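All chains should be built: construct the whole structure from the sequences, respecting the hints.
Chains as they are written, first to last, in UniProt numbering: chain H, 1 to 230; chain W, 1 to 230; chain B, 1 to 230; chain V, 1 to 230.
Check each hint, because a few of them may be wrong.
[Claimed, not checked] Stretch-level coverage of chain V by chain B, calculated; a stretch enters the list once three of its residues show a Cβ under 8 Å from a Cβ in chain B: (1) 36-47; (2) 68-77; (3) 91-102; (4) 105-112; (5) 133-147; (6) 159-173; (7) 196-204.
[Unchecked claim] Cross-link-like lysine-lysine pairs, in silico, DSSO-like; alpha carbons within 27 Å at most: (8) W:Lys181 x W:Lys23; (9) B:Lys7 x V:Lys23; (10) V:Lys84 x B:Lys216; (11) V:Lys138 x B:Lys221; (12) W:Lys221 x W:Lys181; (13) B:Lys87 x B:Lys181; (14) W:Lys23 x V:Lys221.
By construction, these hints were calculated from the structure, which means they are not laboratory data. Since we're looking at a predicted model, the values are computed, not measured. We put the CB at the ideal spot given by N, CA and C, even for glycine.
Residues per chain are reported as follows:
4 protein chains.
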Amino acid sequence: MLEKLKKEVFEANLELPRRELIKYTWGNVSAIDRESNLFVIKPSGVDYDVMTADDMVVCNLDGEVIEGELNPSSDMPTHAVLYKSFKDIGSIVHTHSTWATIWSQAGLDVPVYGTTHADTFFGPVPCARHLTEEEINKNYEHETGSVIVETFEERNINPNEVPGVLLHGHAPFVWAENAEKAVMNAVVLEEVCKMNLFTLQLNQESEHLPNRILNKHYERKHGENSYYGQ
Amino acid sequence: MLEKLKKEVFEANLELPRRELIKYTWGNVSAIDRESNLFVIKPSGVDYDVMTADDMVVCNLDGEVIEGELNPSSDMPTHAVLYKSFKDIGSIVHTHSTWATIWSQAGLDVPVYGTTHADTFFGPVPCARHLTEEEINKNYEHETGSVIVETFEERNINPNEVPGVLLHGHAPFVWAENAEKAVMNAVVLEEVCKMNLFTLQLNQESEHLPNRILNKHYERKHGENSYYGQ
Amino acid sequence: MLEKLKKEVFEANLELPRRELIKYTWGNVSAIDRESNLFVIKPSGVDYDVMTADDMVVCNLDGEVIEGELNPSSDMPTHAVLYKSFKDIGSIVHTHSTWATIWSQAGLDVPVYGTTHADTFFGPVPCARHLTEEEINKNYEHETGSVIVETFEERNINPNEVPGVLLHGHAPFVWAENAEKAVMNAVVLEEVCKMNLFTLQLNQESEHLPNRILNKHYERKHGENSYYGQ
Amino acid sequence: MLEKLKKEVFEANLELPRRELIKYTWGNVSAIDRESNLFVIKPSGVDYDVMTADDMVVCNLDGEVIEGELNPSSDMPTHAVLYKSFKDIGSIVHTHSTWATIWSQAGLDVPVYGTTHADTFFGPVPCARHLTEEEINKNYEHETGSVIVETFEERNINPNEVPGVLLHGHAPFVWAENAEKAVMNAVVLEEVCKMNLFTLQLNQESEHLPNRILNKHYERKHGENSYYGQ
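Written as structure tokens, this is what we have:
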């Protein structure tokens with residue numbers, strides 16, 4: 001079942017430590033088949049040395065396991081909510097990567113200071129609020145997804161244009177049309193979070209990137225008039 | 001004698017440079033056999049290139065060498081005191097890992113700013129006081145252990161729930177039920193120390209993680225109702 | 001056509017990730033043949049795993065493709081303008097290397113605090129201004145080159161003595177007489193940007209390197225009386 | 001001539017990039033034979049890929065080349081002065097390692113904040129003054145050595161107990177009884193410089209390590225009553 005997608009998800013999970021986004025098993029990648037509305041996700045807490053593509057778990061958009069011997073990542077219900085609400089995304093990555101987690105812990109949106117950011121995220125990356133006591137007791141991981149969706153709706157941000165979010169006190173979730181690109185977007189967010197922190201330290205009066213350059217760089221790589229790549 | 005434990009301790013010591021927790025031989029791991037109350041520890045200042053599992057030294061809880069040709073780590077008496085007082089722990093790691101040592105040098109407890117911390121340490125990681133002249137002259141390494149125990153007793157911290165400590169002006173000691181997990185806890189402390197320093201730099205008003213989220217994350221991974229992993 | 005130069009440019013591009021100046025394909029190196037006034041540049045967005053020396057694209061100083069199946073780097077017109085104006089340079093490197101990008105985002109010139117800087121750059125590395133709306137709409141990449149040239153002319157800086165520039169809100173361009181040295185200069189700029197940021201943090205009153213030492217170190221390595229190397 | 005020493009110096013030079021103390025060829029190690037008062041040093045600016053032990057250059061304490069086809073490191077006269085004045089040292093290392101260079105650029109002594117420092121350096125590591133115009137014009141590298149010696153004499157520091165120095169606006173020189181230990185001391189200084197910078201950032205009121213602990217840790221590893229190692 002979904003053998004090709006399992007392999008892509010497995011490979012993308014292995015890419016997380018290679019790209020220094022995680023230590024041990026502190027992260028998870030999933031990807032969805034939009035025809036069947038089933039998604040494939042990493043099992044919970046399995047060593048990467050012994051994990052195989054066949055260990056990937058298949059779930060539906062209600063957060064139920066459809067196939068797999070192992071427990072899925074404990075964050076699985078968050079992924080399900082995101083796939084349900086953000087209808088164009090094909091893959092989700094969650095990590096505790098150092099610099100994105102620092103911004104999450106500081107509870108701040110990531111502002112746009114440069115073209116490295118603008119090439120991938122069309123505006124600031126928002127930081128979603130802490131969950132309430134009630135939300136935690138209800139279904140923590142499911143409600144985490146709902147708070148992310150609320151953040152994008154309330155602020156009127158398009159998740160296709162800003163493919164990532166920080167959870168206050170926790171860490172980032174990042175997405176894209178497929179697993180390889182979702183990991184790449186997580187790498188971009190991590191690098192941007194590092195650079196922006198030190199940009200502010202070097203010059204507290206650093207200017208945000210002017211909109212005219214944000215637009216130009218985002219449009220070089222995205223949409224009808226893009227001309228980056230082959 | 002204790003061949004299996006020697007091998008585990010040897011392997012855990014080799015893991016320290018791999019996880020970038022130490023340079024050269026600046027660290028030591030031990031593990032205890034609770035039936036015989038004997039523990040196995042790395043020898044002092046031996047190059048990792050030539051060290052073998054058979055070089056591990058066996059000691060008792062009074063800090064006496066029971067078996068081994070080589071001198072044990074000079075920090076061995078600290079390990080003995082911790083095993084005697086913290087009766088549930090199975091392994092101890094001491095390193096001068098960069099970021100945990102920075103917090104030690106600054107003489108500050110590590111506050112809880114995020115779930116990376118809460119997944120492993122159920123509250124702030126305390127910083128123990130400097131030793132007095134008298135304590136240094138008596139038996140420096142033994143008294144170091146006593147000051148750690150004093151810290152946990154006076155502040156009423158459960159060493160099973162907060163498995164690590166910083167020594168003011170020195171570096172961290174970390175523990176767990178076995179050597180592999182003790183190294184993993186040392187990796188977590190190191191990463192948390194790095195992230196928390198920059199969290200504070202990015203936002204001096206950063207909020208501590210709300211208790212409701214600290215509780216939720218610690219309980220996801222520990223105790224009867226944990227549901228992380230397989 | 002220009003087979004030897006293609007190979008040098010190809011090798012120099014591969015050196016960028018090895019020297020940790022770029023992630024993925026976020027950079028480009030070119031080199032010029034001054035006899036034919038044609039230059040060779042990396043194609044746009046091609047994975048380094050599959051890229052070969054034959055994929056390099058040949059262009060002229062008007063920014064037109066002369067030979068090659070693939071689209072050249074989208075920054076190609078910037079390279080063309082620089083080769084046209086800076087007549088002694090043989091190779092150009094563009095990266096988003098972390099610390100040089102941080103100074104670019106902060107919009108600051110890189111001052112001379114030490115001999116590591118003085119060995120390669122004979123004075124501060126300037127930060128060029130943002131492009132205007134009009135310049136962006138005209139020909140963004142071509143105008144980027146023009147703004148660099150304007151910066152060196154207005155400030156009366158010799159591009160042979162200060163072989164690099166920061167673009168405000170973007171990242172560095174660095175050059176040299178050949179591709180290997182251009183990459184080396186990019187490494188120097190990256191290291192200097194890191195060191196200078198923390199020099200300022202450690203001591204806000206840090207003195208600029210006295211001119212007598214700047215002169216001495218630059219002259220040890222450059223010009224008629226240099227005596228570094230073989 | 002001095003084949004064994006050449007091999008040790010060659011190996012120690014290769015260790016510099018492995019320990020991430022240098023990039024390219026930005027460093028040099030020498031070692032002295034105290035019987036003949038000749039020392040062996042790395043040639044200037046030779047790629048590590050092609051350099052062999054036979055390329056090492058033999059010099060005397062007046063800074064004259066005694067044997068060798070290649071030019072010695074341009075810093076050679078500094079080494080000669082140090083060997084002449086500091087009669088117990090056997091090897092010298094010069095690097096532009098990142099964090100020690102940052103303290104050099106900031107023009108500050110490295111204070112003692114922890115036992116990592118105290119295990120190797122018995123007190124603060126001094127920062128030597130800039131050279132005067134006259135000193136630079138006379139013989140820059142020779143006078144650099146003289147300023148280091150002046151620093152230790154004026155402040156009454158024993159170079160055997162504090163085996164390193166920072167040059168204001170430049171970088172560190174470090175030494176020991178042999179080449180392997182000199183490189184190790186350079187690693188310690190680099191790590192201490194990193195940790196102390198962030199210790200100060202984390203807590204501007206950080207206390208210097210009390211003398212009683214400085215003494216204890218230095219004596220654990222040095223002198224008659226040391227008990228570290230085998």
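Hint-by-hint comparison with the structure:
1. 36-47: holds (count 4)
2. 68-77: holds (count 3)
3. 91-102: Coverage by chain B holds for the segment 91-102 of chain V (5 residues, Cβ < 8 Å).
4. 105-112: Satisfied; 4 residues make the cut.
5. 133-147: As far as the segment 133-147 of chain V goes, the hint holds, because 3 residues have Cβ atoms under 8 Å from chain B.
6. 159-173: holds (count 3)
7. 196-204: Since 3 is at least three, the answer is holds.
8. W:Lys181 x W:Lys23: holds, 20 Å
9. B:Lys7 x V:Lys23: holds, 24 Å
10. V:Lys84 x B:Lys216: With a Cα-Cα distance of about 25 Å, the restraint between V:Lys84 and B:Lys216 holds, given a limit of 27 Å.
11. V:Lys138 x B:Lys221: The hint holds at about 18 Å.
12. W:Lys221 x W:Lys181: At roughly 13 Å apart (the allowed maximum being 27 Å), W:Lys181 and W:Lys221 satisfy the hint.
13. B:Lys87 x B:Lys181: Given that 27 Å is the threshold and the Cα spacing comes to 17 Å, the pair holds.
14. W:Lys23 x V:Lys221: holds, 17 Å
In this structure, every one of the numbered hints holds.
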